[in-house]
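Heads up: the sequence shown is residues 6 to 1101, going by the working numbering.
Do not take every clue at face value.
[What the hints assert, rightly or not] As a list, the in silico DMTMM-like pairs of lysine to aspartate or glutamate whose alpha-carbon atoms are at most 20 Å apart:
{"hint": "1", "residue 1": "K319", "residue 2": "D308"}
{"hint": "2", "residue 1": "K797", "residue 2": "E844"}
{"hint": "3", "residue 1": "K278", "residue 2": "D312"}
[As the list claims (entries may be wrong)] Simulated DEER-style distance windows between Cβ atoms:
{"hint": "4", "residue 1": "A733", "residue 2": "K900", "range": "51 to 59 Å"}
{"hint": "5", "residue 1": "D380", "residue 2": "E503", "range": "57 to 65 Å"}
{"hint": "6", "residue 1": "Q853", "residue 2": "F482", "range": "54 to 62 Å"}
{"hint": "7", "residue 1": "D380", "residue 2": "N298", "range": "27 to 35 Å"}
{"hint": "8", "residue 1": "T725", "residue 2": "V568", "range": "22 to 30 Å"}
{"hint": "9", "residue 1": "D380", "residue 2": "L165", "range": "54 to 62 Å"}
{"hint": "10", "residue 1": "Q460", "residue 2": "D523", "range": "44 to 52 Å"}
{"hint": "11", "residue 1": "G625", "residue 2": "N779", "range": "52 to 60 Å"}
{"hint": "12", "residue 1": "K758", "residue 2": "C899", "range": "32 to 40 Å"}
{"hint": "13", "residue 1": "S280", "residue 2": "I338", "range": "42 to 50 Å"}
Keep in mind that the hints were calculated from the coordinates and are not lab data. Please read all numbers here as calculations on a predicted model, not as lab measurements. We treat Cβ as the ideally placed atom computed from N, Cα and C, and that holds for glycine.
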Amino acid sequence: MAVRIGTIFRILLLLGSLIHLANGARPLFDPPDWTTVLPEVNTTAGAPPTFISPIWSDVFPEVNTTAGTNITRFTATDGDGDNISYSLQSNAHPWFRINSSTGDLIVNKTLDREAMGSGDGSFRFEVYASDGSSPQGSLRAFLTIIDINDNAPAFQNTPLTKSCSEDTPVGFPVVTVTATDADATTNAIITFVIVSGNEGEAFSIDKVTGDITISKPLDYENGPRVYTLNISAMNNHTDLMLQSFGVVTINVTDVDDLPANFSQKLYEAHIDKNSPLGSFITQVHAEDMDSLNAPVEYSIYPDSDPDGLFAINKTSGAVTVDGNLKNGVYSLIVNAKSTTQPPAFTLVKVTVGPLPNLTYAVTVLEGEANVQVMDLQPAKSHFNASGGTFTFFGSSGSMFSIDGAKLKVGSTPLDRETAAQHVLDISLTEGGTVKGFVKVTVNVLDINDDRPSFQSPSFNVSVNEIERLGTVILTVFATDGDAGANGTLTYSISAGNEEGFFSINNKTGAISVAKQLDRETRDQYTLTVMAQDGGEPPLNSTTAVAIQVGDANDNPPVIQDAVIQVSLSETAAIDTPVATVIASDKDIGANGRLMYSIESGAHGHFQIKDSSSGAISVAGVLSYKQWHNYTVVVKVTDGGSLALESRAIVLIDVTSTTENRNGPVFASVQYIGGVYKDTSFDFPVLTVTATDSDTGVNGVVEYRIREDTDLFYVEPTSGTIRTADVFADKDEGQSFSFSVQASDKGTPPKETKENAQITMFLLRGSNSLVLTSNMSKDDILLRRPEFLEDIKELNGGGHVIIKSIRPREGNASIITINGIKNLQEMSYNQLFDAFKASEGSPKYVKWQLTGQGEPPVTSARTADEEELSPVVIALIFLSVLVGVAGIAMILILCKKRRDERLPRKHSRVTFNDKPLYIDPVSSSGGGRADPAQEAQEVIVHMDEETSSNGSNDTHVPVDPTVLNYINNAYANSNNESDTDSETYINPDTGEITHFATFFPPPPPNVPPPPIPESDEESNGDLGTENTYMPSDQFDVDYEVFSPAPIGNRAVSPTHSTADSTAQLVDPTTFRETILHDQYFAFNGRLPSNQNKTTEL
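Using the sequences provided together with the hints, build the complete structure.
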């Protein structure tokens, strides 16, 4: 890296030199008066070695050129071919060394431009080459060190302290800080900044010169008196800014800029008018507001003392009498002046007249004797007495004494609790004259010398166990004769309340219920209540509080056995013991006294004679046939004012004296379950339940699977159906059906008349739906039956199989289910739609369901998927249907063409085995009946006449109503049919009949042949061969082909039967029926309330 930087600097130096030379300047590294001389080639033996160039120069940055860096290699030649040894001038040794053999110049230590001692960054030294003899060759080396910012500025004159008076004007230069930077060029440019200590920005600094000036007025009295400025000096390098700090302390000095000030605005004094000259009246006091404490001079304003009755000491401010006074009030104005500032003024109010009595208020601690209360000496001055004697008058001083001018407590200590205050009347007598009176009020201060005292050493109280929390049951009270904090009491429960059932108000002593009491757990408490004062140290006392917990009727009777099952023979006599209900009550007294009674279910056959015992006995004759089981509800009531009660259920089975009468009966005969490919062996799938109304062994039910199956088995006693195999190798989507039979253990055993039919589905995992619920897994499992019923309703009544219930973060759960509806496994989308439609319903909210998985994206099935899509199945079925229909149409058309070429003979038509001939109907109604419409969805037997029947048929006319509806229906359904359709030619008359009629007309005046009594007698023959039918014809029964639905067209039933012709062509519904399908022949539809069969 150093070599690359050096190369760059060499290029820059070369360019700079060229520019420099172009301007006519001397070369950068050419020393003064130096001329480059090219050495001559020394061919003389013994000449010194010669360097290739006598001068070498280069540029290197400091710091980055570290020790061990190889800068360059110097090369010299010797004409003699002697070995050359290289060396350096001595001044280069601290920084460089040279390989004496190779001439490599190597850095000794990291270059430092500032330490190398050249202000301009240049460093010169000589390189020598010697062949072992004198003289030696030399080379002058010029090395330029490029400066980098590696030196922080250094303050030259900090820390320093300066003083500045508060009246120094703004802008005045206070001090100048200086700093230097050892770096060169822009790295040495320094900027000064005040970083802290400049409160109120009172000073500013010139960032270039470092001059600190005042920027705001200074104030010695109201502002800081010392400023400690923290100055930063930083260089201007953009990438690496270095800085240092210096401290400048500026002390603000005071100047005399404030006047004097009196300590009081008003002075008052009282003096007797006979006071001699010079008598002291009062003393005023004023001070100079500056810290200079300039002396103050006092004077009385002349206008306020025109008679010169008063004088003042100009130094001390003492006001004295200086004339003959008269009774009255004098107001003096006193001046105080310091230095050159304006004077200050105060008012001295002097009252001249008889002196008033003195009043003092003093304090003294109780419990102390012979201590001084106060000094009465000031009273002598007040009354202008030079001597005199103080004495008590009256009985006020019994607890005190006077020693000269000292008022003391007597030999008996004062007791504040006995007397908190003493008022002493003292007179001053001098020369037999009473000079005045002094009233001294002595307030006795309290010490904590009294303990609190309770009004009673113990308390007794009762509380009901159901008392509300916070109810005050007792308030204890104590007194303390002390005052203040010494007499302030704090109450607490110091013992007996470890469980915290009670609390006490620490100020009032009110004891209240803190936790719900329970007498049955604990009926008595003894509390120790302590009262403690606030003295130092505190004093306390205690009292005992006994609390009796009273009973409340808060516990209902607890029945030992809530459900009792007994069996009883129907031959049991009256008063025969049946069962005994046993109960207890934790309450006491009437609250715990129990009474038993039968509430319901006895039907007069059972009784409780003794209401306090709970013993049930027979009260009437029992009959198994009349009533063979009883559910007797026994009510147990306590004797509380608000009675509590509980109930027991006594299940009484009356046994018959006869044999096994009843067989088991399943609760449901249809059970649906589901398993998965990963369902484990012996997994409980579902449970069937059957009951037997018999008793004893006759009522014990066992279960078994009737069919042989290797996949499931049933537990004989519980009815639980478990897996007997695994299903990993089974195909999803298939189902397994079998039945379970239940039998009892009677003799002989009886079995269920109707067995339970079990359908097990191997459910597809792809059809599983995931539900999320905010209820926990345990909460759902505890109410599993209820949950199953509710999600069955949410699924539109379809069965739901729970695959798994897994816990989810946040006490929620994830439920995976499959659905079965109409004995078909529901697809994922069907399940999703069902639950999506139920969102927000009460039961959806009840189970805190928050959503279900999104329906899968429908995509075309690939060839390797297990099932074909419904669309593919429908297309395949439609293709087959169209093919079959096409073949059928071809066969029908071929038959018609053949029939048209044959003469038609009269036919006999019977409806439901009744002979009927139908008259031809004109086609004028619009359109003709297509031949394929003949004999639609009715039972028609066509018997071809033969010469052997030996009878002539007669024409039996058809009911006009039937005929009209039939022909109108044909006409209406073929309005757009081809009018040039085939016709029928009567061979006898030559009459042409269009096929617009239901059937061709029967031959006239020909009676029908005898009709067999039933279809069985006719053996299914529809006729015999005759001259009008080819010899290869035979009777064929055709079944109407019923294709699958196409579009929205309904599918007609395959067969139909009817009791009469009128039912088949009911005029009220006939026009709503489809008698012809435009896609397939023989696919008509009759009214939907018929079972339809068509035979031809």
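Those earlier numbered hints the structure runs against, lowest number first: 10, 12 and 13
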